[in-house]
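Just so you know, the sequences run in chain order U and S.
With our numbering, you'll find the first sequence wraps up at 279, consecutive numbering, no jumps.
With our numbering, you'll find the second sequence wraps up at 1574, consecutive numbering, no jumps.
Just so you know, the hints here were simulated from the structure itself, not pulled from any lab data.
Where hints are given, some of them may not hold.
No farther apart than 25 Å at their CA atoms in a straight line, the calculated lysine to any residue pairs in the SDA-like style are these [said to hold, decoys possible]:
{"no.": "1", "chain 1": "U", "residue 1": "Lys15", "chain 2": "S", "residue 2": "Gly1395"}
{"no.": "2", "chain 1": "U", "residue 1": "Lys15", "chain 2": "S", "residue 2": "Gly1421"}
{"no.": "3", "chain 1": "U", "residue 1": "Lys15", "chain 2": "S", "residue 2": "Pro1437"}
{"no.": "4", "chain 1": "U", "residue 1": "Lys15", "chain 2": "S", "residue 2": "Thr1439"}
Anything over 10 Å on all C-beta distances counts as not near chain U; from chain S, calculated [to be verified]:
{"no.": "5", "residue": "Met1001"}
{"no.": "6", "residue": "Gln1058"}
{"no.": "7", "residue": "His1159"}
{"no.": "8", "residue": "Val1165"}
We put the beta carbon where it would ideally sit given N, CA and C, even for glycine.
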Amino acid sequence: MSEQALSGPRAKDYKSEIKPIWCPGCGHFGVLTALTKALAALQLAPEQVALISGIGCASRIPAYTDLFGFHGVHGRALCVATGLKAARPDLCVLVAGGDGDGFSIGGNHFLHACRRNMDITYIVMDNEVYGMTKGQASPTTAPDWVASKLTPGGTGLRSFQPAALAVAAGATFVARSFSGRSNEVAQIIARAIQHPGFSFVHVLSPCLTYRPEQKEWKHAVTDFGRDDLPTANAALAMQVLLNDGGLSTGLIYEFERPAWRPRAQTGAGLAAVEEEFAV
Amino acid sequence: MRSLSLALVGSGGAGVVTAGGLLLAAAARTGSYAMMRRSSGPQIRGGESAALLRFADQAVECADDSFDLLLACDWRNVDRFVDEIPLGAHSLVLYDPAAGEVPALIADCGPRLLAVPLADVAASVHHGRINMVALGVIAHMLQLDASLLASVITDTLAHKGHAAVAASHAAVAAGRELGRRLAVDATGSELRLPATAATDAARWTMTGNEACGLGALRGEVRFVAAYPITPASELLEWLAPRIEALGGTLLQAEDELASVNMIMGASFGGVASLTATSGPGLALMMEGLGLAVASETPVVVVNVMRGGPSTGIPTKSEQTDLNIALYGMHGEAPHIVLAPLSIGDGVLATQWAVHLAESLQTAVIVLSDQLLGQSRAVLDRPADVSFMRRRRVAGSAAAAYQRYVLTADGVSPMAIPGSSGMAYTADGLEHDQAGIPSTRARDHAEQLAKRERKLAEADYGPHWGEVSGDGSTAVITWGSCTGAAREAVQRLRASGNRARLIALRLLSPLPAARVAEALSGVERLLVVEQSHSAQFYRYLRSQMDLPARTDILARAGPVPIAPGEISARLQAGS
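Here chain U stands alone, though its shape is the one from the complex (with noise of 0.2 Å):
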């Protein structure tokens, strides 16, 4: 993706002076690269730009931004993001966290949002494990998965299907990428921003330290290769969704619904809602 405007703001305009926390060939880093590279694309004024997010190595991203950030509690950003897109409709709101800190702690949140359909585009870095807490499984690890101290046994559950769950639950923008192709990331992120609704980015990002054998996902991954992606068509989403192995990417499913908007209001003074409280 190319920068369009020259005089405007780049994409390192965006990025903060501190060092991330993140390992050493960990997939967020490429996440990063790839949101900034959209805001630039987008020429959106970094001051418009709020980011929040809630606990995990992925929640860490607002501070290594130059955004107006929030870093809060374990599982609750997109309730956050909700209200301060409901205050302030004028901010571009962006959510980014982990795969446990959105489809577990945070996944009744996860449902809710995706079916209020605000303005507000949510990024998971998705890497099947726990890193912050040194690997345990997560919603998204596979059943099999037997690495961790805390499942030795693997936790014999059925990986939680993250994008066709927000097609499900009303997300009106549903896309995966990979954070290895962050050219396509940054593309789907400046995509999903200019929606008018809730748009969810499914991001599969690699931990080395706790899934060395994510190293494979730069080979395995492709293209969905249909013709008839996107589709406005949940059904056809949610069956493209549900017979894929999980390691295609591009953007799925895009949907016109109207997003949630404050209501119009009507004007009336303080002093007459105090008349009604007369004898």
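Given chain U, work out where chain S should sit, using these hints.
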């Protein structure tokens, strides 16, 4: 104070609360002060229900020791709330023989009994309802002006349609006729609305939940996140259309974890924000409130207390969330806890809460309760109060902006998204002055001290509490017990004794110096609160020295503490 206490009881859905509300509104138009409590079970229909009214010649803020009149539409489930309707030999009980004999629980109190065939008379009126016949009987007894009551009925029930209004008028008229026929006014000739002096002052009628809602709007709250919970839902429902009319937004959240984080997001965006809940919801919000403290994001939570622990008694009152409000956050998280001292004081307490949250950039918990929240009062219009200081907003930065810069008063200018060159990350991780996460001992010590300092050194002005009376005996209390404590002290003083009342609106940080000053010369202190484990007493003891002769009147809910209980304790020890 002269007052009249009256209980209307019936099974849920029988309409006793509607009848009580009409009576309250009509009495208000005659110039009477009043308070109506609601007692109901958890069932939406078919459980027990009671409207407990007290009319008085001056502002009334608590239940009396006993009831002058009990009118029962039926006796279903009476055992569940008989404790809340103390009766004596002076009481008059009106009952419908068609609904069964007077239960022993009632008759054993020794009241005068009078049978009134409410159901028969209701059946004689087209679509006549028993509650409206009962209202007519009482209106006759109290000599309530017929056209005044009729206009209240027309205004209040208009939304139910013309037929319902006409049926109500007819049933009330039939009730009045029934009263005349039985000469109930002669039986209860002492039962009259207390006369009040004519006044030009504006009189209002509101519930405590509405008062807190109005306080939020006066405080310029323009974002509310809401998750329904008894007994706080009405506060949120009252706000929903009104905050929109003022240009604000109310959003229904998926749970309380969401609502507390939503108000943090809105506040981060520069908009004063609030939510309301009750005990179980407050418990869920605690982690979020800790984040508000650490990230210095202003938020207000109005917690309308109910019986606990766990699901407890959702429809009835208790003051037992004091401990969680004071101590519920992990780590060291200085924040503010306030409580309204009456129904009408919900306006000031909540408006002040918003002001303190905004100007000190912290979390404020307002401890209302079911007794205040769901009771309706006829009162003098709560005074307008204005607080000058607002949120300290960072302008443009000459040098690199530091969100958590150390200042003398501990309050750091807060940048609002949209301000060019002022970006920062609000963080629940311990941080340095710039907001960058830090595990350094010095940063931790500095930020802890800063967050403590801004609350400890703030000037809370005259609103910290109310002190009245004199003498060496004092009652100290907080929140909804204040009304009963005030009346107990007034009674004592009226009978020639001296006593003081100290009521705390500011619970944390405890204004210990002010309380000590109010206690100067006090030899005997009675701590009054509605909790089983004396949470308030233990808190006071942990913060300051109390007089050697300090007694505790701490009793669990749901029966409100009555003035006579307090004055009896004061007299017992003297």
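Quick rundown of the hints versus the structure:
no.	hint	result
1	Lys15(U) / Gly1395(S)	22 Å, holds
2	Lys15(U) / Gly1421(S)	13 Å, holds
3	Lys15(U) / Pro1437(S)	16 Å, holds
4	Lys15(U) / Thr1439(S)	23 Å, holds
5	Met1001	19 Å, holds
6	Gln1058	16 Å, holds
7	His1159	14 Å, holds
8	Val1165	20 Å, holds
Taken one by one, the earlier hints all hold for this structure without exception.
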